[in-house]
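Asker: Here is what each chain is made of, one letter per residue.
2 protein chains.
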Amino acid sequence: MIPQKGFVRRILVEPPSLNNNTADAQRLEECLLNELGTDYIRIPLPVLKKLPSNLRLWEFKAKAVLFKDRHSWILVDLLNPLSNCPVLGTAVDIGTTRIVVSLIDLETGFEIGQKGFDNPQAAIGPDVLARIHYSNQSFGQKFSQNMDQNSGLEELNSLVIDSVNFNISVLCKEHGFQKEDVYLFTGAGNTAMTHLFLGIEPIEIIKEPYIPCVNIPDTQPSKNLALEINENGVAFLFPNIGSYFGGDLIAGILFSDLDQKQAPCIMVDVGTNAEIVVGNSDWLIACAGAAGPALEGGVSKMGMTAKPGVIDQVWVDADTGDLMIHTIDGKKPLGICGSGMIDLAASLFLTKRIDIRGKFSIQTCGENLFKKDGINYFMLVDENHSGTGEPICLTQVDLNSLTSSKAAMYTILEVIVKNTAGLEFEDLEKFYVAGTFGSFINPVSAISIGMLPDLPLKSFEVLGNSSLGGAKQLLKNPDAFERIMKIRQSITYIELNVNQEFMNMFSGAKFYPHTDSSRFPSLQNKI
Amino acid sequence: MIPQKGFVRRILVEPPSLNNNTADAQRLEECLLNELGTDYIRIPLPVLKKLPSNLRLWEFKAKAVLFKDRHSWILVDLLNPLSNCPVLGTAVDIGTTRIVVSLIDLETGFEIGQKGFDNPQAAIGPDVLARIHYSNQSFGQKFSQNMDQNSGLEELNSLVIDSVNFNISVLCKEHGFQKEDVYLFTGAGNTAMTHLFLGIEPIEIIKEPYIPCVNIPDTQPSKNLALEINENGVAFLFPNIGSYFGGDLIAGILFSDLDQKQAPCIMVDVGTNAEIVVGNSDWLIACAGAAGPALEGGVSKMGMTAKPGVIDQVWVDADTGDLMIHTIDGKKPLGICGSGMIDLAASLFLTKRIDIRGKFSIQTCGENLFKKDGINYFMLVDENHSGTGEPICLTQVDLNSLTSSKAAMYTILEVIVKNTAGLEFEDLEKFYVAGTFGSFINPVSAISIGMLPDLPLKSFEVLGNSSLGGAKQLLKNPDAFERIMKIRQSITYIELNVNQEFMNMFSGAKFYPHTDSSRFPSLQNKI
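As they're listed, the protein sequences go chains G and F. Here the first sequence stands for residues 1 to 527, numbered as in our numbering. Here the second sequence stands for residues 1 to 527, numbered as in our numbering.
By construction, these hints were calculated from the structure, which means they are not laboratory data. Errors might be hidden in some of the hints.
One copy or two, it doesn't matter: identical chains are merged, so the pair holds either way.
Simulated crosslink set (DSS-like; lysine-lysine; CA at most 25 Å straight-line) [to be verified]:
1. K207 x K115
2. K207 x K179
3. K371 x K115
4. K49 x K371
5. K371 x K223
6. K458 x K359
7. K372 x K331
8. K207 x K49
9. K332 x K352
10. K49 x K173
11. K476 x K63
12. K49 x K223
13. K476 x K372
14. K352 x K372
In this text, all values refer to a predicted model and were calculated from it rather than measured experimentally.
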């Protein structure tokens with residue numbers, strides 16, 4: 001017999017006899033415990049209700065849909081072994097800005113489809129801070145149409161749950177399934193989003209000493225969360241290790257396999273905050289966001305959200321030295337997104353249009369540089385080529401903000417890798433870049449401006465949506481559950497201490513690429 | 001600090017600090033694990049939702065309502081430590097004929113009140129057999145008014161649940177409480193009633209090889225059973241060890257403390273069937289009902305159900321030798337109940353009105369004996385004194401039935417105590433008589449007819465409603481939970497083998513008091 005690995009298993013329950021008149025439920029339990037090699041499984045009442053007739057109808061065979069929680073396995077449902085009823089799961093990246101739902105066939109592990117949509121909570125507040133404040137109000141009613149009277153928390157909760165329900169349902173329909181075919185739900189989000197998804201008060205997350213209500217949410221009946229999947233379905237939200245290190249990052253570590261590496265590796269998630277984990281199978285050190293004033297503005301806030309017409313790539317024409325641009329979908333340019341901004345800064349620096357302090361140079365910028373209200377503007381696209389009718393410019397203010405952000409990123413990397421883990425950047429075998437924003441960053445550009453350390457290009461690996469990736473992985477592999485708990489348990493989370501030493505390092509990193517240019521040997525022959 | 005013992009505990013959660021920024025839920029969990037000396041407790045989502053604000057409002061103190069299941073403790077609810085909100089539990093004897101609900105103050109253990117009512121399922125069938133058959137029909141609709149279309153099982157389930165809900169609500173109101181004050185529900189019933197209460201198919205209980213769907217029902221959210229108590233409440237149904245040995249008996253063993261005795265003791269539950277457990281803290285042997293043809297008619301079916309006007313006691317006037325009667329509430333006699341019947345048979349035998357074969361004697365009965373359709377009638381009450389206008393008689397047919405029943409009871413006792421446990425009746429330190437019917441039996445009468453063995457009167461102890469008693473005990477003492485599981489685990493259940501040896505013993509026991517009268521020395525000077 002082929003060993004079964006996933007959350008759907010074919011089982012054969014010992015039939016009753018005069019020699020074994022143990023109850024059906026207890027024989028089922030024994031069969032499952034043997035199959036799973038465990039000593040505790042929960043069997044839900046709805047499965048019991050029709051167990052005697054089902055077992056006899058199915059000749060004591062069944063297809064068991066399983067899941068786990070912290071202390072036990074859970075029998076989610078028991079299905080006719082002969083029917084071809086689909087057994088699906090949904091993995092969800094519960095992002096602050098964008099939510100992505102993936103539909104997985106639990107028997108094969110194949111992804112059936114994916115659907116991304118904007119988090120409707122954005123109508124209440126663009127970031128978690130605004131939403132948490134709103135959640136603390138007694139009466140919401142501002143954005144939700146379906147509720148008579150409710151708290152801000154209930155409203156935020158309904159918004160996200162309703163949108164997830166709607167999109168699961170649409171995704172199922174598009175692929176010829178029903179939402180009742182979905183038995184498992186795994187979701188990964190930051191700590192605040194996880195609280196809002198569960199309907200748990202998040203207010204203490206933003207009040208000193210900044211503690212979440214829950215670190216490890218138990219697996220819930222999906223009904224408890226008003227998730228409209230199979231009525232026996234269950235839902236699991238990834239655990240967090242604090243207000244600033246959420247389940248999305250635990251999912252990312254799982255997805256990157258960082259916790260199973262021999263040589264130390266690093267994962268950097270450049271999302272709303274910068275979150276970093278370094279380590280291997282023996283140890284994991286993490287730090288995240290909130291690096292004081294250095295990160296104000298945020299690494300990811302450097303530009304527009306990616307959409308058609310947005311400049312996402314900038315490069316220097318080798319012959320003319322002109323700045324070349326690429327826009328999403330080839331539309332007329334409307335603005336520039338984060339990854340484009342990093343490319344742009346790199347191009348400006350490599351062509352000496354900005355100096356090592358990150359200031360525009362009149363000599364090299366030429367007529368593209370002009371002054372308005374005392375501020376330098378660098379025109380990337382003139383009004384004739386722009387999709388807005390206005391020229392697209394980078395101001396010295398924008399550039400200063402980018403400089404701070406890139407310096408903050410480098411400093412944080414330096415603090416965690418060198419000062420905390422006691423390693424050199426060169427010791428890192430892999431440099432995983434996670435997060436949607438991170439996916440678009442060109443490492444060559446990021447190295448050129450001194451945002452990322454000067455490692456061989458082959459060490460950089462883009463993970464894409466690692467939060468979703470981790471959530472999907474859990475649906476496919478029950479062993480991931482224990483890995484998640486172990487990752488959570490073994491991470492040493494360090495608070496970034498923005499002290500004088502940090503500020504000194506930060507000052508050095510504000511140069512292009514760095515005040516100590518020997519750290520960036522690959523740039524030697526470029527500048 | 002006084003150690004706390006019950007299911008309601010006052011706790012102090014460690015407040016968060018910069019040194020301990022573990023989530024509220026995990027600090028609560030740690031506090032509870034310490035308090036309970038355990039390593040696993042489940043905390044429900046509704047408690048989490050408002051945990052941060054509640055903990056801070058209550059200065060990190062709380063009143064925890066707890067319960068257990070097979071593998072863990074359960075936090076049922078977390079209450080304001082300063083409010084005097086009542087915390088109640090209901091213990092329920094889910095009898096086939098009659099249901100009794102008891103309301104308990106979980107903080108003091110005091111019983112607030114009790115309410116008994118007829119099991120409304122009787123409208124569908126008087127016994128479990130009829131009900132189980134009915135449960136197997138696809139459409140019920142005969143007796144339930146509230147359901148559009150449903151199965152027989154759903155109908156039977158609704159009948160019992162609705163009646164329990166109604167009576168809990170009335171009981172609460174009568175004592176100035178609300179049903180929302182009730183957090184815990186413990187119920188004990190026979191295996192069939194437990195299945196019907198849970199809404200689980202019971203049909204296999206009556207089909208060879210006679211196996212229940214479930215031996216050990218998990219603790220359920222009360223909502224799952226449609227029990228209308230506090231919305232966070234939980235419900236536990238006592239486990240069974242088979243179709244013929246139900247949770248009511250496990251509850252009875254708990255209540256009798258049989259499982260904690262040093263010397264062997266016996267418990268006999270004379271309900272719809274006769275169920276017997278013998279043992280001590282080291283071993284327990286049980287057998288129950290279904291002793292083939294010997295028990296047809298049933299021990300408890302010997303007379304009317306006890307109600308006003310029913311003869312419940314009969315004795316011999318020492319001077320005149322006349323039979324004296326007592327009726328319930330002193331009303332004019334309407335009939336005779338089981339305990340009255342045993343008294344009557346004893347009185348008839350001790351006055352030689354029946355012989356050792358259990359036949360009426362014309363010489364001693366005199367004019368009270370008459371013949372109709374070839375059957376002997378013994379008139380106990382003439383038509384002038386009867387409440388029905390008809391004389392109240394005992395026929396030879398009735399008496400034969402009683403003789404069979406008492407012989408069956410004695411034989412079963414003999415089989416289990418002597419043949420199975422290898423003891424003599426004299427080795428039994430205590431003889432517990434459980435069940436409502438058993439409560440009214442006069443042991444002297446039962447010994448006189450050879451129904452019970454001739455033990456010193458002080459060894460007999462009436463337990464009353466031991467099923468309810470066990471359910472109540474569990475509400476008061478969390479340790480009872482493990483005792484219940486251990487009792488269930490350690491019982492050796494023996495099938496009564498109605499073979500030639502049994503029939504030989506049975507034949508001997510059909511005499512009054514027994515074919516071997518030396519077994520009843522206390523009768524020597526009475527007959």
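Asker: Determine for every hint whether it applies to the structure shown.
Answerer: Hint by hint, here is what the structure shows:
With identical chains, the CA atoms of K207 and K115 are never at most 25 Å apart, being 34 Å at best within one copy and 51 Å at best between copies. Proximity of K207 and K179 under a CA criterion of 25 Å is satisfied in neither setting, with 39 Å inside one chain copy and 38 Å between copies. In the homo-oligomer, the alpha carbons of K371 and K115 never lie at most 25 Å apart, since the shortest distance is 45 Å inside one protomer and 89 Å across protomers. Within a single copy, K49 and K371 get their C-alpha atoms no closer than 77 Å, and across copies no closer than 54 Å, so neither meets the 25 Å cut-off.
In this assembly of identical chains, the alpha carbons of K371 and K223 never lie at most 25 Å apart, being 60 Å within a copy and 70 Å across copies at closest. Taking the shortest Cα distances, K458 and K359 never come within 25 Å of each other, neither inside one copy (31 Å) nor across copies (104 Å). For a Cα distance limit of 25 Å, the shortest separation of K372 from K331 qualifies neither inside one copy, at 28 Å, nor across copies, at 110 Å. Within a single copy, K207 and K49 get their C-alpha atoms only as close as 47 Å, which misses the 25 Å cut-off; across copies the closest is 17 Å, which meets it.
Proximity of K332 and K352 under a CA criterion of 25 Å is satisfied in neither setting, with 27 Å inside one chain copy and 117 Å between copies. In the homo-oligomer, the alpha carbons of K49 and K173 never lie at most 25 Å apart, since the shortest distance is 30 Å inside one protomer and 33 Å across protomers. Proximity of K476 and K63 under a CA criterion of 25 Å is satisfied intra-copy only: 16 Å inside one chain copy versus 41 Å between copies. With identical chains, the CA atoms of K49 and K223 are at most 25 Å apart both within one copy (18 Å) and between copies (15 Å).
Taking the closest pair of Cα atoms, K476 and K372 never come within 25 Å of each other, the shortest separation being 57 Å inside a single copy and 80 Å across copies. In this homomeric assembly, K352 and K372 come within 25 Å of each other (Cα to Cα) only inside a single copy, at 22 Å, whereas the closest approach across copies is 127 Å.
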